[in-house]
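Please put together the full structure from these sequences, using the hints given.
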Amino acid sequence: MKYNLWFGVYDGKEVKLSENFEESFLKAENPSPLPFNVSELGMQVLGESYYRILRKTALQVSEKQVERELKREDRYVVALVKALEEIDEAINMLNEKLEDIKAVKESDITESFESKIRELRELRKEVEREIEDVMKKIAPNMTELVGAKIAAKILERAGSMEKLVRLPASKVQVIGAEKSLYKAFARMRKGKKAKIPKHGIIFLHPFIRTLPKTKRGKMARFLAAKLAIAAKIDYFRGEVDENLYESIRRRYEELRRK
Amino acid sequence: MKELMRNVYLKDGTLVTKSKYGSHYGEKVFDGFREWIPWRSKLAAMILKGHRLKLKGDEKVLYLGAASGTTVSHLADIVDEGVIYAVEYAAKPFEKLLELARERDNIIPLLFDASKPWKYSGIVEKVDLIYQDIAQKNQIEILESNAEFFLEKGGEIVIMVKARSVDSTAEPEEVFESVLRKMGERFKIVNHGSLMPYHKDHIFVHAYKSE
Ligand SMILES: C[S@@+](CC[C@H](N)C(=O)[O-])C[C@H]1O[C@@H](n2cnc3c(N)ncnc32)[C@H](O)[C@@H]1O
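Order-wise, the sequence lines are chains A and B. The first sequence: position 222 = 222 (our numbering), numbered continuously. One gets our numbering by counting positions in the second sequence from 1 and adding 258 to each.
Among the hints, erroneous ones may be present.
Partner residues are not named here, just some residues of chain A that face chain B (Cβ under 8 Å, in silico) [claimed, not checked]: (1) MET1; (2) ASN4; (3) PRO35; (4) ASN37; (5) VAL38; (6) GLU48; (7) ILE53; (8) PHE203; (9) PRO206; (10) GLY238.
Covered, in the sense of this in silico footprint (three residues per stretch, anywhere, with C-beta under 8 Å from a C-beta of chain A), are these stretches of chain B [stated by the list, open to error]: (11) 347-356; (12) 372-385.
Simulated from the structure, these hints should not be mistaken for laboratory data. Virtual Cβ for every residue (Gly too), placed ideally from N, Cα, C.
Here is the structure:
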């Protein structure tokens, strides 16, 4: 048996001391609980200064990790959301082709199509789960307000957390509606009638969808304002503010009763 | 001044911990004490609701969901001769936790995912107490695996449960019942209770590991 410890590797008899504690700290993984206490063994090897060295190593490793994490996590979500959209398109496309083929003739090939589509749906679920996990971590307030899916889509459209926190609430409210906005403008240019979209991605939120049409605008504005605040707290502090969710829930109840 | 727990006092109606350190999250500091704000810390709320922990001060603690260290800072005042392994996976609040860990010598900061205890199994020692406040759907499973890796027999557990994090559609009472049932299968529950008015739809559960 070999045990990976932050200060080295233990084979049950001897400790091979690590030459670089920061490296061994990050490799101190073991599949099951250690049958001994790591601090007792460590003190036999490192003596009185065990905790001092452990703490120093943890601080050094953490400082580097934090910097790296802060830089890349929102980019990771952006990439995942883009991937999710591509997967959706691929599924739709394959489904269409499958229907086309089936309409002409039942054949073995249709089963291959079906199993590909199933695989893609599995992948889709996996990507969605990952987006949820990461969003909870890097944007807990946004996720609490509108759920990971909507929050991630908004982040993707903004491009990064840094860009998102610079957007005014009015922009957050319509983010994601750009496509229909351009379409509407294009129609108007051609002299046709068109509706200007009032809500973007946040329209998917149940607190908006379940309200009567006349009240949706109000709720969307309120939600967007709180969401803009949530993004800022997520970006600058990263801690959940319980009052945010309470406030949108109260506003929703108010509008529903009126 | 009334002593409620080791290094924890009620001073003119305000909960405080005895501390030689400065303010960490905007709490007031006066001659050797730091105000412990129950609206900010669920552990403070638990104590003000009348529940106590028996701590001697030299305990080893595994703290899951340390965030920026609000509660960790007070727990570090209490176990001033012990060690706190503070696990947090979000980088932003962790930055602030690092500031705290640089100033205190009894906090080991760990930027890890608490749902993967094997990743820090060669770092964290056997502990006397696991404190968990992570607001996750699967928080009991996360607790169980950490207890299996690190908690001594007879070791204590304190967890904070937020109903909406476990199930956003069910009634809080139902959520709490199911959490207590699940915890009771593996651990001996000592006490539990609400954190009102400080934290809405939250409970604490205090338990220990019997086998
Ligand atoms: C309610 S806050 C904790 C507040 C803190 N205990 C205090 O009182 O000062 C919950 C924290 O748990 C963290 N968390 C959630 N899931 C986690 C996981 N799997 N591993 C590590 N930390 C996690 C979140 O990032 C968040 O900072």
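Requested in this report: Grab the minimum C-beta distance from A:PRO206 to chain B and call the hint holds if it beats 8 Å, violated otherwise.
Outcome: violated (11 Å)
**Report entry** Interface hint outcome for A:PHE203 [beta carbon to chain B under 8 Å]
**Finding:** At 20 Å from the nearest chain B Cβ, A:PHE203 fails the 8 Å test, so the hint is violated.
Requested in this report: Using 8 Å as the Cβ threshold, decide whether A:ASN37 counts as touching chain B.
Outcome: This interface hint holds because 5 Å falls under the 8 Å limit.
**Report entry** Proposed interface contact between A:ASN4 and chain B, which counts if any beta carbon pair is under 8 Å
**Finding:** holds (5 Å)
Query raised in the report: Do the numbers back the hint for A:ILE53, that is, is its least Cβ distance to chain B under 8 Å?
Result: violated (11 Å)
Query raised in the report: Taking the closest Cβ pair, is A:VAL38 under 8 Å from chain B?
Result: holds (5 Å)
Query - Cut-off 8 Å, beta-carbon criterion: hint that A:MET1 touches chain B - result: Violated, about 13 Å.
**Report entry** Within 8 Å of chain A's CB atoms, at least three CB atoms from the region 372-385 of chain B: coverage verdict
**Finding:** With 9 residues in contact (Cβ-Cβ under 8 Å with chain A), the coverage given for the region 372-385 of chain B holds.
Report task. With chain B as the partner, please determine if A:GLY238 meets the hint condition of a C-beta pair closer than 8 Å. Result -> holds (3 Å)
Report task. Tell me if A:PRO35 is really an interface residue toward chain B, meaning its C-beta lies closer than 8 Å to one of theirs. Result -> Cβ of A:PRO35 sits 11 Å from chain B, so the hint is violated.
Requested in this report: Check, residue by residue, whether the region 347-356 of chain B contains three or more positions whose beta-carbon lies closer than 8 Å to a beta-carbon of chain A, and give the verdict.
Outcome: holds (count 9)
Query raised in the report: Should the interface hint for A:GLU48 be scored as holding, given a Cβ-Cβ cut-off of 8 Å against chain B?
Result: It is violated, given that the least Cβ distance between A:GLU48 and chain B is near 13 Å, above 8 Å.
Violated hints, listed in ascending order, are 1, 3, 6, 7, 8 and 9; each of the other numbered hints is respected by the structure.
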